[in-house]
Amino acid sequence: MHEFLAQLVNGISLGGIYALIALGYTMVYGIIGLINFAHGDVYTLGSFFALTILTALGVSGELHGVALVVDVAIALIGAALLCGIVGVLIERLAYRRLRNAPRLAPLITAIGISFILENVMQIWKGPAPVSFPAVVPNPSVMVAGVAIGAQQFLLVGLAVVMMVALQLFIHNTRLGRAMRATAEDRDAAQLMGININRTIMLTFLIGSALAGVAGFVSGVYYQSTWFFNGFGAGLKAFTAAVLGGIGNIAGAMLGGFLIGIIESFATWKFGGQWSNVTVFAILILVLVFRPSGLLGEAVFERA
Amino acid sequence: MLRLERVSKRFGELIAVNELSLSVAAGSISAIIGPNGAGKSTLFNMVSGIYRPSAGEIFFEDARIDVWPTHRIAAAGIARTFQNIRLFSFMAAIDNVLAGEDSHLHARLWDSLLHTPRQRREEKAARERARELLRFVGLEGVAETYARNLPYGSQRRLEIARALASRPKLLLLDEPAAGMNPREKGELADLVAAIRERGITVLLIEHDMGLVMRVSDEITVLDYGERIARGTPAEIRNDPRVIAAYLGTAVA
Numbered sequence: 001m002h003e004f005l006a007q008l009v010n011g012i013s014l015g016g017i018y019a020l021i022a023l024g025y026t027m028v029y030g031i032i033g034l035i036n037f038a039h040g041d042v043y044t045l046g047s048f049f050a051l052t053i054l055t056a057l058g059v060s061g062e063l064h065g066v067a068l069v070v071d072v073a074i075a076l077i078g079a080a081l082l083c084g085i086v087g088v089l090i091e092r093l094a095y096r097r098l099r100n101a102p103r104l105a106p107l108i109t110a111i112g113i114s115f116i117l118e119n120v121m122q123i124w125k126g127p128a129p130v131s132f133p134a135v136v137p138n139p140s141v142m143v144a145g146v147a148i149g150a151q152q153f154l155l156v157g158l159a160v161v162m163m164v165a166l167q168l169f170i171h172n173t174r175l176g177r178a179m180r181a182t183a184e185d186r187d188a189a190q191l192m193g194i195n196i197n198r199t200i201m202l203t204f205l206i207g208s209a210l211a212g213v214a215g216f217v218s219g220v221y222y223q224s225t226w227f228f229n230g231f232g233a234g235l236k237a238f239t240a241a242v243l244g245g246i247g248n249i250a251g252a253m254l255g256g257f258l259i260g261i262i263e264s265f266a267t268w269k270f271g272g273q274w275s276n277v278t279v280f281a282i283l284i285l286v287l288v289f290r291p292s293g294l295l296g297e298a299v300f301e302r303a
Numbered sequence: 001m002l003r004l005e006r007v008s009k010r011f012g013e014l015i016a017v018n019e020l021s022l023s024v025a026a027g028s029i030s031a032i033i034g035p036n037g038a039g040k041s042t043l044f045n046m047v048s049g050i051y052r053p054s055a056g057e058i059f060f061e062d063a064r065i066d067v068w069p070t071h072r073i074a075a076a077g078i079a080r081t082f083q084n085i086r087l088f089s090f091m092a093a094i095d096n097v098l099a100g101e102d103s104h105l106h107a108r109l110w111d112s113l114l115h116t117p118r119q120r121r122e123e124k125a126a127r128e129r130a131r132e133l134l135r136f137v138g139l140e141g142v143a144e145t146y147a148r149n150l151p152y153g154s155q156r157r158l159e160i161a162r163a164l165a166s167r168p169k170l171l172l173l174d175e176p177a178a179g180m181n182p183r184e185k186g187e188l189a190d191l192v193a194a195i196r197e198r199g200i201t202v203l204l205i206e207h208d209m210g211l212v213m214r215v216s217d218e219i220t221v222l223d224y225g226e227r228i229a230r231g232t233p234a235e236i237r238n239d240p241r242v243i244a245a246y247l248g249t250a251v252a
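Read top to bottom, the protein sequences are chains A and B. With my numbering, letter number 62 in the first sequence gets 62, and the count goes up by one each step, no holes. With my numbering, letter number 188 in the second sequence gets 188, and the count goes up by one each step, no holes.
Don't read these hints as lab results, they were simulated from the structure. Since this is a predicted model, take the numbers as computed values, not measurements. One should not assume that every hint holds.
Cβ pair distances, simulated, as ranges [said to hold, decoys possible]:
#1 Arg-290(A) to Ser-21(B): 50 to 58 Å
#2 Pro-69(B) to Ile-77(A): 31 to 39 Å
#3 Val-161(A) to Ala-55(B): 40 to 48 Å
#4 Leu-81(A) to Glu-61(B): 47 to 55 Å
#5 Arg-118(B) to Leu-93(A): 31 to 39 Å
#6 Ile-77(A) to Ala-55(B): 50 to 58 Å
#7 Asp-187(A) to Ala-55(B): 19 to 27 Å
#8 Asp-190(B) to Phe-289(A): 28 to 36 Å
#9 Ile-77(A) to Leu-14(B): 49 to 57 Å
#10 Ser-21(B) to Ser-292(A): 45 to 53 Å
Stretch-level coverage of chain A by chain B, calculated; a stretch enters the list once three of its residues show a Cβ under 8 Å from a Cβ in chain B [unchecked claim]:
#11 192–204
#12 250–262
We treat Cβ as the ideally placed atom computed from N, Cα and C, and that holds for glycine.
Pulled out of the complex, with its shape left as it was, chain A reads as follows:
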């Protein structure tokens, strides 16, 4: 029972990262029907940006008090903002001109962008994993006999706050409404006076910024990052989006946490080498019985 709870906590932490990344996949798919394979690399880029900012601030170890709050906030917001800008640039330079091309063209382009980002990051920080400073102290509290670290609270807390904010944004604001309308019928949205280029840009900005947040928290959590991290994490997050129902925002969150928990339990019960097998086997089963995912697809917003 103790181990069960411990694995659950692990799984939820891991799931928070997947959920944040999955949101970007699902938002972009919802609005332009593209599986943005470069998204996982934007997540890695987030950890690189955060690391660079922390280094520039002279941070190399644990922080306390005001410095903790200020430096973490700068690194977090900086990584999110820079990732958002990268996402917008990718859309503007690579995807926009292919918007009315056959679907395979932007898909192949996305894979190409992914390779470019991976190679740029490899040149930037080298081919080996890089250590990430343990900026956030990690005292733990015992809950039902399980130690939960402050970093885990931070990670899950941030993920949940981001998701709630995203839901409020999409449901209660002018720009969120424009995103839902564009996702459902791009031409009609345009005819109602909605600037769809700006709306699509905004979707990339928000999705990529969330990946930047995920990149930062994963750096803090694992205390390391690697240019190739985004490939595996991106694939899992994409799986999470499909599991929840691609295009469905609540589905991406649910899927992210589920994948994290499944992976964590699979590692515990069958060993690490079986975790991917288990995750993808469950994905296949879900898709066989519920092809549109757990919460249903193709609806930008339903929850």
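The hints should help you fit chain B onto chain A, whose structure is shown.
Then chain B, alone, in the frame of chain A:
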């Protein structure tokens, strides 16, 4: 207000609209009629910016609009409804109307993320206007219902409310009476008249001759992409070319 000058649209070999010239006077209700395939919907698609004309020019209040991006045409004051309803079906009725107001709202990303007083004020005023429009088309009770769950006639009226939300000067109605029963058609005629009372020019495509004859100031008849007649309902009713080409016994 709206002027088309020798506008053509070709799709490969097919000439959907052929050197059509047309003008719509401000404050009028005009109708375009003609058999299926006469080019009516193509005409609407060119005016609203979905298609670019192959030749010719379109002017709206003396500005040449056929080269503008679609959302700019909408923002300039041309709104439309669709022959096959294209509401945002997974959005509440009021959100559909609010989406129509988009080009008149100013909240930026910053306002939305921080929930600034400016964003709150603007959103509140926008909601009040949206409710007023829902009342105007007779949908005040279903503001929070998903568009897809509304009955057919209500969906047609919601499309009109959404189009009105963009504060158009010119409203294009594409077969608004399609699928309506006689009572609904009567209400629609009243609604079209009330829209004109608000100072909005109306241009409609419609097959229902009863409705067209009742509401229109002027009727243009298209056949094979060309204008074969134009006049008041009384003139059109008695035009031998129109009767031959299209109306047949439908007017009787």
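Status of each hint after checking the structure:
The hinted window of 50 to 58 Å between Arg-290(A) and Ser-21(B) holds, with their beta carbons roughly 56 Å apart. Taking the beta carbon of each, Pro-69(B) and Ile-77(A) are about 33 Å apart, inside 31 to 39 Å as hinted. The hinted range of 40 to 48 Å is not satisfied by Val-161(A) and Ala-55(B), whose Cβ atoms lie roughly 56 Å apart. Between Leu-81(A) and Glu-61(B), the C-beta spacing of about 42 Å breaks the proposed range 47 to 55 Å.
Between Arg-118(B) and Leu-93(A), the C-beta spacing of about 33 Å keeps the proposed range 31 to 39 Å intact. Take Ile-77(A) and Ala-55(B): their Cβ atoms lie about 53 Å apart, and the range 50 to 58 Å holds. Checked against the hint of 19 to 27 Å, the C-beta distance between Asp-187(A) and Ala-55(B) comes to roughly 23 Å, which is consistent with it. For the pair Asp-190(B) and Phe-289(A), the beta carbons lie near 51 Å from each other, so the given range of 28 to 36 Å is not met.
The given range of 49 to 57 Å is respected by Ile-77(A) and Leu-14(B), whose C-beta atoms sit roughly 55 Å from each other. Checked against the hint of 45 to 53 Å, the C-beta distance between Ser-21(B) and Ser-292(A) comes to roughly 50 Å, which is consistent with it. Coverage of the region 192–204 of chain A by chain B holds. Counting CB-CB distances below 8 Å, 6 residues qualify, and the rule asks for three or more. Counting residues of the region 250–262 of chain A whose CB lies closer than 8 Å to any CB of chain B gives 0, which falls below the minimum of 3, so the coverage claim is violated.
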